[in-house]
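**Student:** We have chain A; now place chain B onto it with these hints.
Residue numbers (this note's numbering), protein chains in the order written: chain A, 1 to 379; chain B, 1001 to 1429.
These are computed hints drawn from the structure, not numbers from a lab.
Incorrect hints may appear among the rest.
Claimed, not checked - Listed below are the simulated PhoX-like cross-link pairs for lysine-lysine, each with C-alpha atoms no more than 25 Å apart in a straight line:
1) A:Lys375 / B:Lys1169
2) A:Lys277 / A:Lys329
3) B:Lys1379 / A:Lys288
As the list claims (entries may be wrong) - If you want a taste of the chain B side facing chain A, the calculated C-beta under 8 Å gives, among others:
4) Pro1008
5) Asp1009
6) Ile1010
7) Glu1015
8) Val1025
9) Gln1028
10) Ala1029
11) Ile1030
12) Gly1033
13) Ile1044
14) Thr1141
15) Pro1142
16) Leu1143
17) Lys1270
Ideal placement from N, C-alpha and C gives every residue a C-beta, glycine not left out.
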Amino acid sequence: MLNTLKQPKEKIIKYNPEMIFENFDPREDKILRIIDNDGNVLDKELMPDLDDETIIKAYKSMFFARTADEMAVSYQRQGRMYTYPPINGQEAIQVAAGLLIRENDWLAPAFRELAIMLAKKVTLKEIFLYYMGNEQGSKFEFANHVLPICVPIGSQLLHATGIGYSIKYQKKDEVVFGFIGDGGTSEGDFSEALNFAGVWQVPVIFTIQNNQYAISVPVQKQTKSVNLAVKSIAFGLPGIKVDGNDFFAMYSAYKEAYDYARAGNGAVLIEALTYRKGAHTTSDDPSKYRTKEEEMEWDKTDPLKRLKKYMDKNEIWKENEEELIEKYKLEIDKQFSEAETATYPLSDIFDYMYTEMPEILKKQKADFELFQTWKENRK
Amino acid sequence: MRYIFNFPDIGEGLEEGTILQWYVVKGQAIKAGQALVNMETDKIVTDIPSPKAGTIVAIYGSVGETIKVGSPLVEIEIEGVFGAEAVAEAKETIKIEPIEESASVIGTMELAGNSAIMAASDEGPSKQKQDDKPVAKVLATPLARAMAKDLSLDINKIIGTGPSGRVTKEDIQNFKPTNQKIDSVQKREQPATVFSTDEVTYEQLSQIRKTIAKNMLNSKQNTAHMTLFEEVEISELIAIRSKFKQSFSDKNAKLTYLPFIVKATVLALKKYRQLNSQLDLENDRMIYKNRYNMAIAIDTPEGLVVPVIKNADTLSILQLAQKISELSDKARDRKLTLEDMKDGTFTLTNYGSIGGIYATPVINYPQAGILGIGRIVTKPVVKNGELAVGNVLPLSLSVDHRIVDGGDASRFINLIMGYLSDPVSMMME
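Isolated chain A, as found in the complex:
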């Protein structure tokens, strides 16, 4: 399968006090970065212990996610799918987390987490179904412990903390990955979730995908703080700002956070500094609030280009990218067709909200069934 990743073999349960976190104090606005824009290693000491095969797989996962993302935008523009939020540019963060997340670990996504959802074995078909408005798109056949896509900003982190508490209470060996955007950090839910995660010392890794914009509001207008990672201090959590477009930096930060949380030390906060290359959603036109020059500047930090340059420099990439993209497109198209031809049991829209269906909903459902019968008889 294209969307599965091999777990790294090493298994360190005990928390290592020589934390990278401690060397990158967000109060001093330090940022963890391991490779530069040209793929050169800046600090060999910090380089995570990953074999070539894992790096190649990670790159392929990023590449696959980007191709799927671009095609999703295209399908939407063809009128075959509704509003879609592109992840283009944010793949390194999610693929790095995807290398660590295990089947029993939990994922509480917002709505721009396609790559890590794929790592959790959510299928593209399911994701496409979701964006076609089909309730079945939130019913994951193969993925375990993945919450449905969460559009109300910030609420998913409360779920993450709650699940973290239940893990701790039941003494399970599980970790929760909760995602939020830069805009979401202004929501009360964000503070509530981090506060109790701190108080209860629950195994939750909070990731802020700081992609610079909350729709059109730049992050500078979102907070007076020196960065977003520094918000961890108030809640008594370790926090770190990481170059979210540097796959190795993201992996190292996650590895440490993961070991820390899994060993029972509590929650951590990672700010992943990245750039949303596409629009907020397909209903948004970023050219109205940001410049081409800014986009070009960020393009130099593109996570795929950087990892590719690293692989080229170290001669570990041997595949033909053109062939790969064709292969991916076929796979994506196949999954899209399956989603497009899937039936939509309309009764879904009545059935799942209440244990006991209220009268008004029963009446609507009856109206709908009458319509169905009439349609059937007409044939």
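**Tutor:** Quick look at chain B alone, frame taken from chain A:
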């Protein structure tokens, strides 16, 4: 198999979009996902990709035209017919519907009113004509909707007897259609001469050209044009401009004569409100404008556009220069919005920057006047009883003679000339 690709709702609740650029031509083979057309909607400017692979056999709508969501964009032959065959077929299909007349498919383009706005994009000034447009979607049960559709009834015209006026199954069954109007193809006023395609090349009118044509004719038919010519010696203005050109340039502003002319005209408009007005014959009254919004005619490859400098009386020469460059850039990039075009109270047309000494400018109806600026000519003038080399700026003022008398027109242009020949006097106001 033929597949008609209808313009999808790519935003959330869009009604229409304007074609900015076609990427494909009839007969062209395309891949699924390949960009067909660039469209502008209320929310975004974006490429629309093809959902199918095949050959384009028909294209609906030309650049500048507005397409309703759900109306055809292209027709694609999905399998079987390729290349030359498709072109041959495409030529046949083209006869079926000249775009303007396929009222059921595209609709007839109509101006939203008598507004003299000329938009580069079709973002607002023109809209599709719709008869009997319902105020809001009526309430109805899904069954009633489906039945109405089945019987080709317009559910909006049926009076509902259900809760809150909901149209029910019974209402549909009881409905007796009265006076069902059949849409007829709009009558052409003058049948066009048919030429063979060897002799002429047919080209669809762009939205902007249609708007210009309509506005020009509207102005000529509804006003009493009168044009006055004058010459003003502007050596002092030339000296001032050369002196400040560099410092403006340092502030990223291009200093031309236009900001001075805008300033002079606005000052004159303040004295002669008749020129900053419009006639409201229907109500037997004059409408005097309290704002001084200077419309500037700009030549673009697509045609004439007339963006507006709002509250020009409150702007300095530097601010005017900046505003003029901003509007010119936007006009060139086709980025002007309806907001940029509306509420002009008087117009300047600087044709002299291209060529021409005198002109009879057409009033930007319903405004009361338009000032044409000709090419600056170096020629002998008499100064203090002696012959001298003069820099002469020719001016052509057209007014609506219904409301502006000759005397007022002359006094108005005299004042402008005074300001331009002695620019410092503008500061004394």
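**Student:** Each hint should be assessed against the structure and marked as holding or not.
**Tutor:** Each hint, compared with the structure:
1. A:Lys375 / B:Lys1169: holds (13 Å)
2. A:Lys277 / A:Lys329: Roughly 20 Å between the alpha carbons, so the hint for Lys277 of chain A and Lys329 of chain A holds.
3. B:Lys1379 / A:Lys288: violated (49 Å)
4. Pro1008: holds (2 Å)
5. Asp1009: holds (7 Å)
6. Ile1010: holds (6 Å)
7. Glu1015: With a closest approach of 14 Å, the Glu1015 of chain B hint is violated.
8. Val1025: Violated - the Cβ of Val1025 of chain B stays beyond 8 Å from chain A, reaching only about 20 Å at its closest.
9. Gln1028: Interface hint status for Gln1028 of chain B: violated (17 Å vs cutoff 8 Å).
10. Ala1029: At 18 Å from the nearest chain A Cβ, Ala1029 of chain B fails the 8 Å test, so the hint is violated.
11. Ile1030: Constraint on Ile1030 of chain B not satisfied, violated at 12 Å.
12. Gly1033: holds (5 Å)
13. Ile1044: Check passed: Cβ of Ile1044 of chain B comes within 4 Å of chain A, closer than 8 Å.
14. Thr1141: holds (5 Å)
15. Pro1142: It holds, given that the least Cβ distance between Pro1142 of chain B and chain A is near 4 Å, below 8 Å.
16. Leu1143: holds (4 Å)
17. Lys1270: violated (36 Å)
Checked against the numbered hints listed earlier, the structure breaks hints 3, 7, 8, 9, 10, 11, 17; every other hint is satisfied.
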